[in-house]
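Participant: If you want the building blocks of each chain, they are given just below.
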Amino acid sequence: MTRYWPALLSVALSLGAVAGYVSLLRVPVIRNHPALYLTAFALATAIAALASWRAARWPNLAALVFSAALLVLGGYFHFVLARIPTTAPALRVGEPAPDFTLPDAAGAPVTLASFRDRTPVVLVFYRGYW
Amino acid sequence: MQLLAISPDSNERSQALAERLRARYRFLTDRDLTVTRRYGLVHARGGNKGQDVPRPTTVVIDRQGIVRWLSLADNIQVRPEPGDVSRAVRGL
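Quick mapping for you: the protein sequence lines, in order, are chains A and B.
No gaps in the numbering here: position 118 of the first sequence is 254 in our numbering, and each next residue is one more.
No gaps in the numbering here: position 49 of the second sequence is 222 in our numbering, and each next residue is one more.
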């Protein structure tokens, strides 16, 4: 079994990257650098490829297929699915923010202009849970 | 400083999130994305069912109602660094 340690390392690295990214999603440095998991998948693929090249046995080849599949899927998600098409926002730094009134969680209306002269406002538009 | 979090989520959903986070946010519901659209922040068909969703965006507005800082996501996984936001708010 020990002769397959590169294959095991490769699989552990791939799974570790998935588990790490998902469990540390609330940590900004992890969340904002999704390329970290792609790097881990690429490294895992390289290790398994090297092991397969030295000994073309099924554990090495299985690790290669596994890590390469994660690399392709992860790359597709990161570079294609997660991309937001750039459209021009109606906001410019230095210009007034358009006023609005929206209901809060209790249903009470909140108007942006009501904070004028009182306090700065941070608006966070988020995707929600649908 | 007042934090306003805007999404198409229902009031009930926002209330649950507010209680869970115990944050200084006020959660506002933009059910049909009217305000999100007026701000030019719709990610067309970006939802998991192909529906329109907000493009993750953070806007810092000063006491005069002027936009002072803006962060627009170009990848759904990425959000602004909290430190950058607080630096932008400090001194307003």
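Keep in mind that the hints were calculated from the coordinates and are not lab data.
Heads up, the beta-carbon is just placed ideally off N, CA and C, and yes, glycines get one too.
Check before you lean on any hint, since a few could be wrong.
[To be verified] One side only, chain B facing chain A, incomplete, derived with CB under 10 Å:
no.	residue
1	M174
2	P181
3	L190
4	A191
5	R199
6	V208
7	T209
8	L214
9	G219
10	G220
11	T231
12	I234
13	Q237
14	V240
15	D247
[What the hints assert, rightly or not] Across the chosen pairs, the derived CB separations fall in these ranges:
no.	chain 1	residue 1	chain 2	residue 2	range
16	B	R193	A	R252	23 to 33 Å
17	B	E192	A	P234	54 to 64 Å
18	A	L161	B	R204	19 to 29 Å
19	A	L144	B	R204	46 to 56 Å
20	B	A217	A	W141	27 to 37 Å
Participant: All the hints need checking, so say for each whether the structure fits it.
Facilitator: How the hints compare with the structure:
1. The interface hint given for M174 of chain B holds, since its Cβ lies 5 Å from the closest Cβ of chain A, which is under the 10 Å cut-off.
2. For P181 of chain B, the suggested interface contact is upheld, since its CB lies about 5 Å from the closest CB of chain A, less than 10 Å.
3. At a threshold of 10 Å, the smallest CB-CB gap from L190 of chain B to chain A is about 8 Å, leaving the interface hint in force.
4. Using the Cβ-Cβ criterion of 10 Å, the hint placing A191 of chain B at the interface with chain A is satisfied: the shortest such distance is roughly 5 Å.
5. Among the interface hints, the one on R199 of chain B holds; its C-beta lies about 5 Å from the nearest C-beta in chain A, closer than the 10 Å criterion.
6. Hint status for V208 of chain B relative to chain A: holds, with the closest Cβ pair at about 4 Å, below 10 Å.
7. Interface restraint check: T209 of chain B against chain A, minimum CB-CB distance 6 Å, threshold 10 Å, status holds.
8. At its closest, the beta carbon of L214 of chain B sits 5 Å from a beta carbon of chain A; the interface hint therefore holds under the 10 Å criterion.
9. A distance limit of 10 Å between C-beta atoms decides the matter here; for G219 of chain B the minimum to chain A is near 7 Å, and the interface restraint holds.
10. For G220 of chain B, the interface hint holds, since its Cβ comes within 10 Å of a Cβ in chain A; the closest pair sits about 6 Å apart.
11. A cut of 10 Å between beta carbons decides the hint on T231 of chain B: the least distance to chain A is about 5 Å, and the hint holds.
12. Here the hint on I234 of chain B is kept, as its CB sits about 4 Å from the closest CB of chain A, short of 10 Å.
13. Interface restraint check: Q237 of chain B against chain A, minimum CB-CB distance 7 Å, threshold 10 Å, status holds.
14. Hint status for V240 of chain B relative to chain A: holds, with the closest Cβ pair at about 5 Å, below 10 Å.
15. Because the closest C-beta pair between D247 of chain B and chain A is about 5 Å apart, less than 10 Å, the hint holds.
16. The hint said 23 to 33 Å for the Cβ distance between R193 of chain B and R252 of chain A, and at roughly 30 Å that hint holds.
17. Between E192 of chain B and P234 of chain A the C-beta distance comes to about 30 Å, which lies outside the given range of 54 to 64 Å.
18. A hinted range of 19 to 29 Å for the beta carbons of L161 of chain A and R204 of chain B is consistent with their spacing of about 26 Å.
19. The hint said 46 to 56 Å for the Cβ distance between L144 of chain A and R204 of chain B, and at roughly 50 Å that hint holds.
20. The beta-carbon spacing between A217 of chain B and W141 of chain A, approximately 48 Å, falls outside the hinted interval of 27 to 37 Å.
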